[in-house]
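**Student:** As given, the protein sequences belong to chains A and B, one line each in that order.
Numbering (the numbering used here) for the first sequence: 1 to 153.
Numbering (the numbering used here) for the second sequence: 1001 to 1175.
Any given hint could turn out to be false.
What the hints assert, rightly or not - List of simulated lysine-lysine pairs, DSS-like, C-alpha gap at most 27 Å: (1) K1164/B / K1175/B; (2) K72/A / K32/A; (3) K1099/B / K1151/B; (4) K1173/B / K72/A; (5) K40/A / K1036/B; (6) K1144/B / K1059/B; (7) K98/A / K1036/B; (8) K1151/B / K1173/B; (9) K1099/B / K1059/B; (10) K1164/B / K72/A; (11) K1036/B / K1164/B; (12) K1151/B / K1175/B; (13) K1099/B / K98/A; (14) K1051/B / K1164/B; (15) K1144/B / K40/A; (16) K1099/B / K1175/B; (17) K1173/B / K1144/B; (18) K1175/B / K1051/B; (19) K1164/B / K1144/B; (20) K40/A / K1151/B.
Don't read these hints as lab results, they were simulated from the structure.
One letter stands for each residue in the lines below.
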Amino acid sequence: MKKVLILLFCLLPTFAYAGEAKDLAEDPVLEKRMIGLAEKLRCLVCQNESLASSRSELANDLRQEVREQMLKGMNDQQIIDYLVARYGDYVLFDPPVKSYTLLLWYGPFVLLLAALAGLMIQLRKRKTKIAEPHLSEEDAKRAADLLNTSKDL
Amino acid sequence: MIRFIWPFVIFVVLAGFLYVGLSLNPREVPSPLIGKPAPEFNLAQLHDPTKQFTSQEMKGQVWLLNVWASWCVSCRVEHPVLMALSRQNIVPIYGLDYKDTREAGMAWLREGGNPYVLSASDTDGRIGIDYGVYGVPETYVIDKEGVIRYKQIGPVTQQSLHEKILPLVAELKAK
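Next up, chain A with everything else stripped away, as it sits in the complex:
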């Protein structure tokens, strides 16, 4: 009797664990793939949260939608297209390169180039302003003497 009881007690934590595991996704591989995709997508309700981390009702529904589409065998790009068709490019954290996003993607480089060009022009100007000082032979000799004496000290 005692042995049986001990055996039952040993089983207790196992039961608890199994119960908890059930609450997680039925298919961990699918869940991982879904989270991976959802991290690239924006939740429209809490706009700076990803679809993976948002707890809003809509994000819940959309995650379920993504899961179902994955089960149907759609690939990631098809699912992204599906969501973009409904919610627009805004659902993507990475905006696609399009005519109206050119400034967003390349504007910083244009600014950088402009700044570099400005710097070059400034440096050239300064170069012409600061003339190379011309030393007469006498001055050069004095300078050399001074340098030599300081070395001896």
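Assemble chain B onto chain A, guided by the hints.
**Tutor:** Then chain B, alone, in the frame of chain A:
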């Protein structure tokens, strides 16, 4: 003095952009569905679940599809505007009761008045996803060919009604 002009100009331009950015509403995300055919649906009617409502029935008419729910707080803000609009008989308003229970939806319409010709129950929010709904209330203006012409995100106000929705409805009806 002149050398300080350029940084100042750049600062003013930047500040101008930021100021405009502050006054924009980040919740208004442009819908990609504008100018596209309204997603078709076939749902049970709220008041009589044995009957269906199909979006195709509306072909040939200009109509409004208003997404609402009994749990939606801002729907209460737009409700008087919709009630007044429905009394004017300018354009039929159809409701999409989004992620709501039938009892709660019907109770809310009994209490606050029913501006809709009829409402369809989108209990699981599936049709909402097809329409890109992310913040209830949302209102779609759909033309005679079944194309979405305008989407109002958030409550319909007197201002948006008179400046955008009604002129657009008049224009679409004339076509």
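**Student:** Is it true that the CA of K1173/B sits at most 27 Å from the CA of K72/A?
**Tutor:** Status violated; Cα separation ~41 Å.
**Student:** Below or equal to 27 Å on CA atoms is what counts here, so check K1144/B against K1059/B.
**Tutor:** holds (5 Å)
**Student:** Is K1173/B close enough to K1144/B, meaning Cα to Cα at most 27 Å?
**Tutor:** Roughly 8 Å separates the two Cα atoms, so the pair holds.
**Student:** K1164/B and K1144/B were given as a pair; does the straight-line alpha-carbon distance stay at or below 27 Å?
**Tutor:** Roughly 18 Å separates the two Cα atoms, so the pair holds.
**Student:** When you check the alpha-carbon spacing of K98/A and K1036/B, does it fall within 27 Å?
**Tutor:** The given pair, whose Cα atoms are some 20 Å apart, holds under the 27 Å limit.
**Student:** Would you mind confirming whether the straight-line C-alpha gap from K1151/B to K1175/B stays at or under 27 Å?
**Tutor:** The hint holds at about 20 Å.
**Student:** Take the C-alpha atoms of K1099/B and K98/A, compute the straight-line distance between them, and say whether it is at most 27 Å.
**Tutor:** At roughly 35 Å apart (the allowed maximum being 27 Å), K98/A and K1099/B break the hint.
**Student:** Just to be careful, I want the Cα atoms of K40/A and K1036/B compared with a cutoff of 27 Å; is the pair within it?
**Tutor:** Cα-Cα ~26 Å, so holds.
**Student:** Going straight from one Cα to the other, do K1099/B and K1151/B come out at no more than 27 Å?
**Tutor:** Roughly 19 Å between the alpha carbons, so the hint for K1099/B and K1151/B holds.
**Student:** Does K1036/B pair with K1164/B here, judged by a C-alpha cut-off of 27 Å?
**Tutor:** holds (19 Å)
**Student:** Within a Cα-Cα threshold of 27 Å, do K1051/B and K1164/B meet the stated pairing?
**Tutor:** violated (33 Å)
**Student:** Need the status of pair K1164/B, K1175/B: alpha-carbon distance at most 27 Å?
**Tutor:** holds (17 Å)
Checked against the numbered hints listed earlier, the structure breaks hints 4, 10, 13, 14, 15, 16 and 18; every other hint is satisfied.
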